[in-house]
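Asker: If you're matching them up, the sequences are chains A and B in order.
Residues in the first sequence are numbered from 1 upward in steps of one, following UniProt numbering.
Residues in the second sequence are numbered from 1 upward in steps of one, following UniProt numbering.
FYI, nobody ran anything at the bench for these hints, they're computed from the structure.
Glycine included, C-beta positions come from ideal geometry on N, C-alpha and C.
Errors might be hidden in some of the hints.
[Said to hold, decoys possible] Covered, in the sense of this in silico footprint (three residues per stretch, anywhere, with C-beta under 8 Å from a C-beta of chain B), are these stretches of chain A:
(1) 392-400
(2) 428-442
(3) 449-458
(4) 491-502
[Claimed, not checked] Straight-line alpha carbon distances no greater than 25 Å define the calculated SDA-like cross-link-like pairs of lysine to any residue that follow:
(5) A/K43 / A/S175
(6) B/K129 / A/K43
(7) B/K149 / B/R134
(8) A/K445 / A/D408
(9) A/K502 / B/D55
(10) A/K365 / A/Y277
(11) B/K50 / A/Q393
(12) A/K133 / A/S348
(13) A/K373 / A/R344
(14) A/K365 / B/E58
(15) B/K50 / A/S413
(16) B/K149 / B/G83
(17) A/K370 / B/K149
(18) B/K50 / A/C461
(19) A/K364 / A/D500
(20) B/K164 / A/P425
(21) A/K373 / A/E300
(22) A/K373 / A/S284
(23) A/K423 / A/G488
(24) A/K365 / B/R134
(25) A/K390 / B/E44
(26) B/K129 / A/V428
(27) A/K164 / A/S284
(28) B/K205 / B/R134
(29) B/K136 / A/S433
(30) B/K108 / B/I209
(31) B/K149 / B/N119
(32) A/K448 / B/E47
(33) A/K364 / B/E44
(34) B/K50 / A/I325
(35) A/K423 / B/K133
(36) A/K364 / A/R285
(37) A/K110 / A/H137
(38) B/K136 / A/Q422
(39) A/K502 / B/K164
(40) A/K358 / A/W286
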Amino acid sequence: MSDETKPASGDSSGLLNGLLTGGAEKPQRVNEAARSLDPSAVKDLLSLGVCERCILRLITVATFDSDLATVSSSTLRGWLGSGEEEAASPEMSICIVCLGVLQFVFSDDKQTLVKMKSDCGSGHAAWITDLVKQQGHEFDSFCLEVSLPSTISENERAVLLYLKGKYSNEAWLQSEKVSVKDALKVLVLDPLRASLSLQGAKSDSSSFHIRLTYSKASDDAQGLSETTHERKKRKTDEENGSSCISENPFEKVYEPCILSVHCNQMPIFFSGRYFKYSRNVSQSRWIIDDERMGEASVEEIIGGSILPACLGDSYKFHAAGREDIDVRMLGSGRPFLIEVQNSRKCPSQQSLTEIEEKINNSEKKLVGVKDLKFIGSECWAMMREGEAEKQKQYAALVWISRPLEEEDCNSISSMIELKILQKTPIRVLHRRSPLERERTIHWMKLEKIKGNTHYFLLHLCTQAGTYIKEFVHGDLGRTTPSMGSILGCRAEIIQLDVTDVKMGDS
Amino acid sequence: MEETQNIDVTKNPEAEDAIESTKQKQSEEVEHHCDEQQKQSQCEEDELRKLLLSDIGELPLSPPSAIQVNFVSYFITGFTKPGHDQYIYRHANGLCVIGLAPTHIAFKDQGGITNIDFNVGKSDRSVLKVSGKRKKNAMRSESNTALCKVSTANDSYIVRCCVKGSLLEVNERLIKQPQLLNSSADREGYIAIIMPRPADWTKNKESLITLEEYKEKKQDILLEPCLL
Chain A
1 MSDETKPASG
11 DSSGLLNGLL
21 TGGAEKPQRV
31 NEAARSLDPS
41 AVKDLLSLGV
51 CERCILRLIT
61 VATFDSDLAT
71 VSSSTLRGWL
81 GSGEEEAASP
91 EMSICIVCLG
101 VLQFVFSDDK
111 QTLVKMKSDC
121 GSGHAAWITD
131 LVKQQGHEFD
141 SFCLEVSLPS
151 TISENERAVL
161 LYLKGKYSNE
171 AWLQSEKVSV
181 KDALKVLVLD
191 PLRASLSLQG
201 AKSDSSSFHI
211 RLTYSKASDD
221 AQGLSETTHE
231 RKKRKTDEEN
241 GSSCISENPF
251 EKVYEPCILS
261 VHCNQMPIFF
271 SGRYFKYSRN
281 VSQSRWIIDD
291 ERMGEASVEE
301 IIGGSILPAC
311 LGDSYKFHAA
321 GREDIDVRML
331 GSGRPFLIEV
341 QNSRKCPSQQ
351 SLTEIEEKIN
361 NSEKKLVGVK
371 DLKFIGSECW
381 AMMREGEAEK
391 QKQYAALVWI
401 SRPLEEEDCN
411 SISSMIELKI
421 LQKTPIRVLH
431 RRSPLERERT
441 IHWMKLEKIK
451 GNTHYFLLHL
461 CTQAGTYIKE
471 FVHGDLGRTT
481 PSMGSILGCR
491 AEIIQLDVTD
501 VKMGDS
Chain B
1 MEETQNIDVT
11 KNPEAEDAIE
21 STKQKQSEEV
31 EHHCDEQQKQ
41 SQCEEDELRK
51 LLLSDIGELP
61 LSPPSAIQVN
71 FVSYFITGFT
81 KPGHDQYIYR
91 HANGLCVIGL
101 APTHIAFKDQ
111 GGITNIDFNV
121 GKSDRSVLKV
131 SGKRKKNAMR
141 SESNTALCKV
151 STANDSYIVR
161 CCVKGSLLEV
171 NERLIKQPQL
181 LNSSADREGY
191 IAIIMPRPAD
201 WTKNKESLIT
211 LEEYKEKKQD
221 ILLEPCLL
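Could you build the full structure based on these sequences and the hints that come with them?
Answerer: What follows is the structure in structure tokens.
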């Protein structure tokens, strides 16, 4: 033990970033921890096959935080007096509690055994960093997630139970133990930040997640594997007050866990307004019996352009309302959101502008986009804004069975806030509830068509959720009043365009 | 001070002009900006009008009706009794609208149909309450299940489902306005909407005839082709 009497550091996290093993000054806490180890307990656990860090974790009174984390394995071995045994056998045995996780021993996904040389977390961090870089994400912060096999906590429980049995009421038994998961995070977090060259303050939350998943190699090789039946039996036994340790609780572990590293970026969002100029393009991908309906979809045209720019895995399209495949979306356009899953990079506003231009200048001119931009968490509020008060404006080409008269124009224009009752239209009755919905037609205007008395353009502004086609042709009398009933004749809708979707913003 | 200024200004009329013209320019700019905005929205409106009007294609004298566009018409003649001709309009989504075909013998009676009663069979069809997307509580019908009874001055006739499926709704407006059956049996005078299962429809279809077949069969009776 060294003679330094350094004051114990209050803030453990800041102290030992990147500290190398050996030759470093140990703070007082670490010395105390070393002194407090119960030698017989240590020897006991060593002989069972528990690794040095787990012993330190389980037997000290002090919490296994980053001070203790930076103590190298060889120093630990020195403290615990297991040095001789180690020198004798070159093969390091895998810890029966943490299955090699805290020893930085694992198999990669090609089943190759990996043993970290530098045993202070930085070697492990470097290995992880390589895999993270391979996945190609751009990020300036990360959140570390660790997933471990459930047997590790079972192993720990079994060992603690054994210790309680043998060393009941020792001080070090009573203190709260840092879990293997948290211990790993403490060991790896700072070296990983350094290895990834991240500047800036640590933040608790980040939208970029690095997940370390340790999974069992195979049932037999990792001992202490309970079947579900055994687990249930043990749980009920514990509930009933009796403690049950299985016949041979501390079998040797032959294979470490398999470690895979996955990175995931939380979804990013883009907003804008779209126009639909074609009467043969659906809003979202529409496939019936393996056949596509319509020649394209707004979703695929826009999403398909943004996804490659983000190098994402997939996208979702959300729109503020929808229109039929044969209805054009004109005027100020309809607000939409594109959600991109696991994007590797975030395109610049310039790239977005280029994407917008590419869509707008495309040969076929099926769809148009405006105001395409990156948007943050306020995106949902934007979509929901004014939903209930949303008014929509349309232009419908209408045919009536008798000639249009001047009176008709006047009587229609004078109808303000007309209330109509719409039974669920037959064309959607198969998938919607049979209800009667009251809706309001805010205003209407007839525009005559030169040289034709049976056709006219009907401009109207209605409440959100109004079925316009049914308002014109009456849906066999299930929408009342209808254009036909108002004009006292038959009316048919030839085509429909959406001319405005009013939202809270303009 | 003012005097001096005045003198200065008068001494230098060009400066005055310059000041004046700057002021004018500024207010012009503001107006211009407003104009620009107005111009732009006017421009957008014009664009919109162009799009709306340019898309108006041929305007046939009598365009196909919503029913002709969205439904396939089937007929069944002499269903359970001679002269009991009915139509079945089937939508692309599988729903079937049932009604009296123009050649139904009820229309031959003097004064046409005067009354309709949905209380036939075991229950009153007009009080069924179907709810939800899954169409809970819909009455399951066979093709010969009675839908309603229509009466004329002379006689009454049973109208049947013709299609096996779930009865989603009956046209209860007919109760107060039975004359709809006389004026527009093929539209507002429809009788019911039934949802058959795909397998049941495939079987059912075999006993139905198409519009063309119906026209041929009944050409002697059908005097008003525009009804179809």
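Asker: Now tell me, hint by hint, if it's right for this structure.
Answerer: Going down the list of hints, with the structure as the test:
1. 392-400: holds (count 3)
2. 428-442: holds (count 7)
3. 449-458: holds (count 5)
4. 491-502: holds (count 6)
5. A/K43 / A/S175: 20 Å, holds
6. B/K129 / A/K43: 78 Å, violated
7. B/K149 / B/R134: This hinted pair is violated, its Cα atoms lying about 28 Å apart.
8. A/K445 / A/D408: 10 Å, holds
9. A/K502 / B/D55: Measuring from Cα to Cα gives roughly 24 Å; hence the hint holds.
10. A/K365 / A/Y277: 7 Å, holds
11. B/K50 / A/Q393: 17 Å, holds
12. A/K133 / A/S348: 21 Å, holds
13. A/K373 / A/R344: Holds, because 17 Å separates the two Cα atoms, which is no more than 25 Å.
14. A/K365 / B/E58: 22 Å, holds
15. B/K50 / A/S413: 23 Å, holds
16. B/K149 / B/G83: Roughly 15 Å between the alpha carbons, so the hint for B/K149 and B/G83 holds.
17. A/K370 / B/K149: 58 Å, violated
18. B/K50 / A/C461: Answer holds: B/K50 to A/C461 is near 20 Å, not above 25 Å.
19. A/K364 / A/D500: 23 Å, holds
20. B/K164 / A/P425: Between B/K164 and A/P425 the Cα gap is close to 22 Å, so the pair holds against 25 Å.
21. A/K373 / A/E300: 18 Å, holds
22. A/K373 / A/S284: 20 Å, holds
23. A/K423 / A/G488: This hinted pair holds, its Cα atoms lying about 20 Å apart.
24. A/K365 / B/R134: 40 Å, violated
25. A/K390 / B/E44: Distance ~21 Å between A/K390 and B/E44 Cα, so the pair holds.
26. B/K129 / A/V428: Holds, at about 18 Å.
27. A/K164 / A/S284: This hinted pair is violated, its Cα atoms lying about 62 Å apart.
28. B/K205 / B/R134: 24 Å, holds
29. B/K136 / A/S433: Judged against 25 Å, a Cα distance of about 10 Å means the pair holds.
30. B/K108 / B/I209: 22 Å, holds
31. B/K149 / B/N119: 8 Å, holds
32. A/K448 / B/E47: Holds - the C-alpha atoms of B/E47 and A/K448 are around 19 Å apart, at most 25 Å.
33. A/K364 / B/E44: Holds. A/K364 to B/E44 sits at ~21 Å (cutoff 25 Å).
34. B/K50 / A/I325: 21 Å, holds
35. A/K423 / B/K133: 14 Å, holds
36. A/K364 / A/R285: 18 Å, holds
37. A/K110 / A/H137: 23 Å, holds
38. B/K136 / A/Q422: Distance ~21 Å between B/K136 and A/Q422 Cα, so the pair holds.
39. A/K502 / B/K164: 45 Å, violated
40. A/K358 / A/W286: 24 Å, holds
Going down the numbered hints, you'll see the structure goes against 6, 7, 17, 24, 27 and 39, while the others check out.
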